[in-house]
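Number of protein chains: 2
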Amino acid sequence: MPNISDVAKHAGLSKATVSRVINNHPYISKEKRELVQQAMKELGYHPNPSARRLRGHLTSTIGVIVPRIVNPFFAYLVNAIEQAAYANEYQVLIFQSDESREKEISFLNLLKTKQVDGVIMTSIENDWHDIKPYSAYGPIVCCNEYVQDPLVPTVKLNQTEGAYAGVKHLIERGHKKIGYSTGALFAGEGRDKDRNDGYQKALKEADLDLNPSWIFVNKHTIDDGKQIIRQMMNMNDRPTALFSGSDEIAAGAMSEAKAHGIRIPEDLAILGFDDQPIAELLDPPLTTIRQPIDDLGEKSVEQLLRFFKDKSAQSECVDLPFELIVRKST
Amino acid sequence: MPNISDVAKHAGLSKATVSRVINNHPYISKEKRELVQQAMKELGYHPNPSARRLRGHLTSTIGVIVPRIVNPFFAYLVNAIEQAAYANEYQVLIFQSDESREKEISFLNLLKTKQVDGVIMTSIENDWHDIKPYSAYGPIVCCNEYVQDPLVPTVKLNQTEGAYAGVKHLIERGHKKIGYSTGALFAGEGRDKDRNDGYQKALKEADLDLNPSWIFVNKHTIDDGKQIIRQMMNMNDRPTALFSGSDEIAAGAMSEAKAHGIRIPEDLAILGFDDQPIAELLDPPLTTIRQPIDDLGEKSVEQLLRFFKDKSAQSECVDLPFELIVRKST
DNA sequence: TTGTATGCGTTATCAT
DNA sequence: ATGATAACGCATACAA
Chain H
277 MPNISDVAKH
287 AGLSKATVSR
297 VINNHPYISK
307 EKRELVQQAM
317 KELGYHPNPS
327 ARRLRGHLTS
337 TIGVIVPRIV
347 NPFFAYLVNA
357 IEQAAYANEY
367 QVLIFQSDES
377 REKEISFLNL
387 LKTKQVDGVI
397 MTSIENDWHD
407 IKPYSAYGPI
417 VCCNEYVQDP
427 LVPTVKLNQT
437 EGAYAGVKHL
447 IERGHKKIGY
457 STGALFAGEG
467 RDKDRNDGYQ
477 KALKEADLDL
487 NPSWIFVNKH
497 TIDDGKQIIR
507 QMMNMNDRPT
517 ALFSGSDEIA
527 AGAMSEAKAH
537 GIRIPEDLAI
547 LGFDDQPIAE
557 LLDPPLTTIR
567 QPIDDLGEKS
577 VEQLLRFFKD
587 KSAQSECVDL
597 PFELIVRKST
Chain Z
277 MPNISDVAKH
287 AGLSKATVSR
297 VINNHPYISK
307 EKRELVQQAM
317 KELGYHPNPS
327 ARRLRGHLTS
337 TIGVIVPRIV
347 NPFFAYLVNA
357 IEQAAYANEY
367 QVLIFQSDES
377 REKEISFLNL
387 LKTKQVDGVI
397 MTSIENDWHD
407 IKPYSAYGPI
417 VCCNEYVQDP
427 LVPTVKLNQT
437 EGAYAGVKHL
447 IERGHKKIGY
457 STGALFAGEG
467 RDKDRNDGYQ
477 KALKEADLDL
487 NPSWIFVNKH
497 TIDDGKQIIR
507 QMMNMNDRPT
517 ALFSGSDEIA
527 AGAMSEAKAH
537 GIRIPEDLAI
547 LGFDDQPIAE
557 LLDPPLTTIR
567 QPIDDLGEKS
577 VEQLLRFFKD
587 KSAQSECVDL
597 PFELIVRKST
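Heads up: the protein sequence lines correspond to chains H and Z, in order. Here the working numbering runs 276 ahead of the position in the first sequence, where the first position is 1. Here the working numbering runs 276 ahead of the position in the second sequence, where the first position is 1.
Hints are not guaranteed to be accurate.
It does not matter which identical chain is meant; a pair holds if it fits inside one copy or across any two.
Capping the alpha-carbon separation at 30 Å, the derived lysine-lysine pairs in DSBU-like fashion look like this [unchecked claim]:
1) 408 - 317
2) 285 - 388
3) 604 - 587
4) 379 - 453
5) 604 - 308
6) 469 - 604
7) 291 - 388
8) 317 - 379
9) 317 - 604
10) 444 - 587
11) 444 - 502
No lab work stands behind these hints, which were simulated from the structure alone.
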């Protein structure tokens, strides 16, 4: 691997001049610039990222924190981020927090050592209070998740609106007893709270009661979906519709419901969230709320690049719209 | 961030001694060693990876190349690798080749600049001939994919055996007309060829003919699965069973088949490959061939670590077994 | 067993 | 506009 000295020698110039060309400094004669570029090309030279990092420079690597890569929503999100980053010649370091506070912090430390220029957090485990200090070492963008600090660049979806649209759809289908599953506690904050708000808003508008036993908290997986159905089977007064927090939960619920002879949507309507590929493969195909994942990824990378270019850029909060995809499960 | 000099000062010793402690050199008095360790702890010191890389050292980062992270098989594989790596205090740089030769090569270049200590390739786009030179800069482990070079450390599954078991299962169910979908050309090499061999072997043993029009090549996605069914609908002589190259293809096929009023498994048996979470959610639940993904990941990391410890370690080829999961689709 | 000095590849500072 | 040189943090050859 040739280094900057090799290029300098090859071009008959100094290392400093070569470095200036690499970094687009002004005050360089066209003549020498071309000489250097020629030499770089001939030698197949690429700057050594470690050396640049050591000097305290940006190094074309961004970090992405996801809770679990096997969750299709995050796999797609990572994909979108990776594509956008690659288009801008950035590399992506992917990290699973596994919903562990310690893991999350350990990854954020990469900012300190300039291993990554910036971080996109698609989930947040620690209090923002504990995360914020790390942003002194490089920009942190919240993607999908968000926090109460208006100074944090954020790309998110209007969860309230999405949940509202979903529940309203169920109400329009004639349902009055609508179950609801959420990822956190019902009284939580952030993304889940917004969804909860949308759920409640729609109920209220239709003058429907909120039955606490129809609210299932801390649900995430396929198995959780099955469990919801089992819980429902034990109820005297069952919901006629279930609004699940993700397509996975919906899929599990659908599977278990059918196993109990419950017809969908006649006996129980099921509404998903995400529009993952499995949604249309289920039987019946799943009505769900599509998240614009690609936009989410692109905008997040965009935000990060903005900060790389201008360290004191203004923080933005991008809000993206949902889309209700009506299929056969409602 | 404290550096090695800070630690040295704090411990009242030289940088060299601190460095020796960090790198577990022999010939250090217990006394000083503890002094240094104490100082490191007190200052919260962590070696700067960029500096180590620059110095030409291993840096606890491994790279993983996948074709597409949104493919659940690879998402689970990456997850397994990441968990195993984390347990050994290694970080994982994930890279999507998008099945592009250029992207693959661009990532392998990270080996040259010591950005990663070694690479796990879960797919191979370029000729091995073009990839091999990079292994001079760090070990490359083939995982799931493999090549004809016995000197390459490899962790793979016995594809022939897996395919054989699957087809045999279909034959035992009474099928004589068995369709087959594969990811590459039927005459290809590597992983897919092995599977093809297993398919043919099982047919041969049962004295069944191989009907070329029942072989669907270059199939990967849900849509490909649907397309297979559409092709089959146009045949006068249709297969009564379909052995698909992945659960995704199987899912697509099942969906499309049902749309055409084909009953599963009565009219058409469908056998998957992978045992992804969706397999048991399909209706009917999918009979499939389980790949021991976690083992695949763990063993790959193990191989890599072996080479890190001993640069001239012997190349191994680990073969892992499949498992036939019988559900209701066959 | 420990310390000193040098270099890894870059970029920034200071000259010119 | 260009060049010489120091510094980033670390690990090693060499000296002691």
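For each hint, the structure was consulted:
1. Taking the shortest alpha-carbon separations for residue 408 and residue 317, only the inter-copy value of 23 Å comes in at or below 30 Å, while the best intra-copy value is 42 Å.
2. In the homo-oligomer, the alpha carbons of residue 285 and residue 388 lie at most 30 Å apart only across protomers (22 Å), although the nearest pairing inside one protomer, at 34 Å, exceeds that limit.
3. Taking the shortest alpha-carbon separations for residue 604 and residue 587, neither the intra-copy value of 49 Å nor the inter-copy value of 58 Å comes in at or below 30 Å.
4. Taking the shortest alpha-carbon separations for residue 379 and residue 453, neither the intra-copy value of 41 Å nor the inter-copy value of 52 Å comes in at or below 30 Å.
5. For a Cα distance limit of 30 Å, the shortest separation of residue 604 from residue 308 qualifies neither inside one copy, at 67 Å, nor across copies, at 72 Å.
6. Taking the shortest Cα distances, residue 469 and residue 604 sit within 30 Å of each other inside one copy (28 Å), while across copies they are farther apart (40 Å).
7. When the C-alpha separation of residue 291 and residue 388 is checked against a cutoff of 30 Å, the pair qualifies both within a copy, at 28 Å, and between copies, at 21 Å.
8. When the C-alpha separation of residue 317 and residue 379 is checked against a cutoff of 30 Å, the pair qualifies only between copies, where the shortest distance is 19 Å, while the shortest distance within a copy is 41 Å.
9. When the C-alpha separation of residue 317 and residue 604 is checked against a cutoff of 30 Å, the pair qualifies neither within a copy, at 58 Å, nor between copies, at 60 Å.
10. Within a single copy, residue 444 and residue 587 get their C-alpha atoms no closer than 43 Å, and across copies no closer than 63 Å, so neither meets the 30 Å cut-off.
11. Proximity of residue 444 to residue 502 under the C-alpha cut-off of 30 Å is restricted to the intra-copy arrangement: shortest distance 24 Å within a copy versus 33 Å between copies.
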